[in-house]
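Q: These are the residues of each chain, in order.
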Amino acid sequence: MQLAKLIAIAVCLASVVQSQSFDFCDLGAKLLSSDVVIVRVRLGFTMHGAYLLSDRCAHKAPAAALLSPHDPGAPDVPFEIDRESLERLKPFVRLNGGASVACAIVSGVFTTAKSFTTYRADGQLHGNGFGPQGALQFAFVLRSVQTITGCQ
Amino acid sequence: MDCPSWYSALLNTGDGDPSPGDLGNCANGGGDNTSMEFDPCSVSSELLDQVGMGLSCDNGALPPCEQAASSGPCSGGATSGGDAPPPSGTGSAGGPQNRALLGAAVAQALQDLLKPNCAQSVFGGGVAKGYDPATILTDMENGTKYGSIQFGSVPSYAFATENSSGFLFWKKATITINTFNDPSLGIYWNAGNTAVNGLALLHELGHAFNDLFGQGSSAIIFDANPDGTPNLAAENQNAQTLAPCN
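Quick note, the sequences are listed as chains R and G, same order. All residue numbers for the first sequence refer to my numbering, where the first residue is 1 and numbers rise by one. All residue numbers for the second sequence refer to my numbering, where the first residue is 1 and numbers rise by one.
Honestly, I wouldn't trust all of these hints.
Straight line, CA to CA, 20 Å or less: simulated SDA-like cross-link-like pairs of lysine to any residue [as the list claims (entries may be wrong)]:
| hint | chain 1 | residue 1 | chain 2 | residue 2 |
| --- | --- | --- | --- | --- |
| 1 | G | K129 | G | F213 |
| 2 | G | K172 | R | I38 |
| 3 | G | K171 | R | G123 |
Hints are computed from structural coordinates only; laboratory data are not their basis.
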């Protein structure tokens, strides 16, 4: 009985922790996965939020909003951000205006807006997704920042 | 452009026009039906239901993370491992928070507007139409004709957001200030820095001016791209625009 319980726990942990490294531009169906993934990505920071950028991808790819566990819209995730990761993010966060870009390897979970729809108002894209105007279909719930450096 | 088949399937989950600008005409059937490796067991069953791809896990099993969520030992174990608690809290413990900081921030913003070139360079377009930024800001502080300033849950990495609703004369702007605070990550509203808070109010007031009185009413430009992604150059330009108010 004990052995079966241990095996069950091991299988569960393995499925949750199972991680592979991907470039954000090439995630494809992994965006739909509820697995924890490790992603190489350009992050953009502004006073209105932080984002996984796709504007430099060789092919069209969706951007994603960067969330923390417990943020509005974030799904329940079985992890928290560690303090060390927040320290790594701090130099790039732009709460008080301006913008910064960082190249990073981060881990976390993607989430998708349910019944995502968009509309234009006053020339701006709005929606029921993520980001200040809700115009992004995807978000990434951050678990850790493995490396991060400033980049263009 | 390659339009992955998984994305086409995902788009069918939307009710209306789900086309995010990022993927261009993929939403309109431009996919090339590229076959991509796709493990349905790695996707939540709820999403699979929405997508309607006819996919399921072997033996009807839940996807791994849903198994984890429905399993006591798994969900409990996954939250362990030495991770620190989430960033939260009030930062300036015991000090005023949220709306209690608004009066000082508005007062600071009104002072900033009196600085040379601040009101004219940031709100010149609206001033020319007869709208005084000090009056509009005070009005929004009181939540009357032009909108309101609210305090709510905004994603952790944002200071504040601004949105508008209604149309024509019934349009109202809402500035939502993040109640989240983590001093180790940066200066949030609840850090109680009046200078920072006042300037942030002017930034959001600039967006509100454009929403309420038409584009060009403020030199604070919309800082998202047409597809909803952030416009980093616009954010930097807005920081420069506010320099006379700082």
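Q: All the hints need checking, so say for each whether the structure fits it.
A: Quick rundown of the hints versus the structure:
1. With a CA separation close to 8 Å, the supplied pair K129 of chain G and F213 of chain G stays within the 20 Å bound.
2. For the proposed pair K172 of chain G and I38 of chain R, the alpha carbon gap of about 42 Å is over 20 Å, so the pair is violated.
3. For the hint linking K171 of chain G to G123 of chain R, the alpha-carbon distance of about 16 Å falls within 20 Å, and the restraint holds.
Hint violations for this structure: number 2 only, all remaining hints satisfied.
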